[in-house]
Amino acid sequence: MTKYIGIFEKYIPSSDASELYREMSAKGAIFHRNENGEDWYAGIPARTVGSLILSVDADSVVRCVGFGPDGFSPPVGQRVYEVEVPGVSPTQDIANYAGFLGHTFDPATGSFTPPPPPAPPAIADISRQQCAMRMCQMGLIGPEDMVAMAQSGTPPAMVENMLGAMAEPDQSFARAAFAKNTYSRADPLLVLMMTGQPVPVPGGDPRPATADDIDQFFRDAALL
81 MTKYIGIFEK YIPSSDASEL YREMSAKGAI FHRNENGEDW YAGIPARTVG SLILSVDADS
141 VVRCVGFGPD GFSPPVGQRV YEVEVPGVSP TQDIANYAGF LGHTFDPATG SFTPPPPPAP
201 PAIADISRQQ CAMRMCQMGL IGPEDMVAMA QSGTPPAMVE NMLGAMAEPD QSFARAAFAK
261 NTYSRADPLL VLMMTGQPVP VPGGDPRPAT ADDIDQFFRD AALL
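In this note's numbering, the protein residues as written are 81 to 304.
Any given hint could turn out to be false.
[What the hints assert, rightly or not] Cross-link-like lysine to aspartate or glutamate pairs, in silico, DMTMM-like; alpha carbons within 20 Å at most:
id : residue 1 : residue 2
1  : K90       : E118
2  : K83       : D119
3  : K260      : D250
4  : K83       : D139
5  : K260      : D225
6  : K83       : E118
7  : K83       : E99
[Said to hold, decoys possible] Cβ pair distances, simulated, as ranges:
id : residue 1 : residue 2 : range
8  : D137      : N261      : 45 to 53 Å
9  : A256      : P280      : 25 to 33 Å
10 : A259      : P223      : 15 to 23 Å
11 : A237      : V281      : 22 to 30 Å
12 : V281      : P196      : 45 to 53 Å
13 : P268      : T184      : 37 to 45 Å
14 : A138      : A259      : 51 to 59 Å
These aren't lab readings, by the way, just hints derived from the structure by calculation.
Glycine included, C-beta positions come from ideal geometry on N, C-alpha and C.
Please take these sequences and the hints and turn them into a complete structure.
Quick look at the structure:
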């Protein structure tokens, strides 16, 4: 069950409003009414047991959730609905239903669509020192190789083997590239160096590194 309640705006009760309204208004209470002139407290019926009150923005994204009318203040300009949700109890904490926030609500079906997962953080360049430390953490190189690589750009044994197998002038260009102070994710030498390297698998045998593993290597190294 989905019931449309309205789009609300703030208003000040007129002088001929009930004494209670005038008294509450004088104390700074905020009053809301929908496009039909119905006051949030006086014109809106008590919610059905087993339902939530929620508001959505212009894109139908849920912005507020509550147990109305006393447990919910309608945001100005947002569409407000009463929605029957299985498992909802008036005695339960609203925090249990805060997970609906950010979901897209379809009033025709009463369904909620979660937002897409956040994009992974951008992959930043890393320093040669960060790369060396992360390689050492992963067990790809030893501490001595880490220090030599970080301080002077000396290739560790695993890299030296790759470089030594290259023909000239590619080998010299690759050595110069390895000695750079900063590495980019698009650096072909680093991709070649990391591709196929063993990645630990909990409870299993190591597997060859993939493009996703290289992405994660850069993210982890950037934290060092």
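Right, here's what the structure says about each hint:
1. The hinted pair formed by K90 and E118 meets the criterion: a straight-line CA distance of about 12 Å does not exceed 20 Å.
2. Note on K83 and D119: the hinted pairing holds, with a Cα-Cα distance of about 16 Å set against a maximum of 20 Å.
3. Annotation: proposed proximity of K260 to D250 holds, straight-line Cα distance about 16 Å (limit 20 Å).
4. For the proposed pair K83 and D139, the alpha carbon gap of about 18 Å is at most 20 Å, so the pair holds.
5. As the CA atoms of K260 and D225 are separated by approximately 16 Å, the hinted pair is consistent with the 20 Å bound.
6. For the hint linking K83 to E118, the alpha-carbon distance of about 15 Å falls within 20 Å, and the restraint holds.
7. Distance check on the hinted pair: K83 and E99 sit about 30 Å apart at the alpha-carbon level, beyond 20 Å; violated.
8. Separated by about 47 Å at the C-beta atoms, D137 and N261 satisfy the suggested range of 45 to 53 Å.
9. In this structure, A256 and P280 meet the distance hint of 25 to 33 Å, their C-beta atoms being roughly 32 Å apart.
10. Range check, A259 to P223: about 20 Å between beta-carbon atoms, so the 15 to 23 Å window is met.
11. At about 24 Å, the beta-carbon gap between A237 and V281 stays in the expected band of 22 to 30 Å.
12. Take V281 and P196: their Cβ atoms lie about 28 Å apart, and the range 45 to 53 Å is violated.
13. The supplied range of 37 to 45 Å is met by P268 and T184, whose beta-carbon atoms lie about 42 Å from each other.
14. For A138 and A259, the hinted distance range of 51 to 59 Å is satisfied, since their beta carbons lie about 54 Å from each other.
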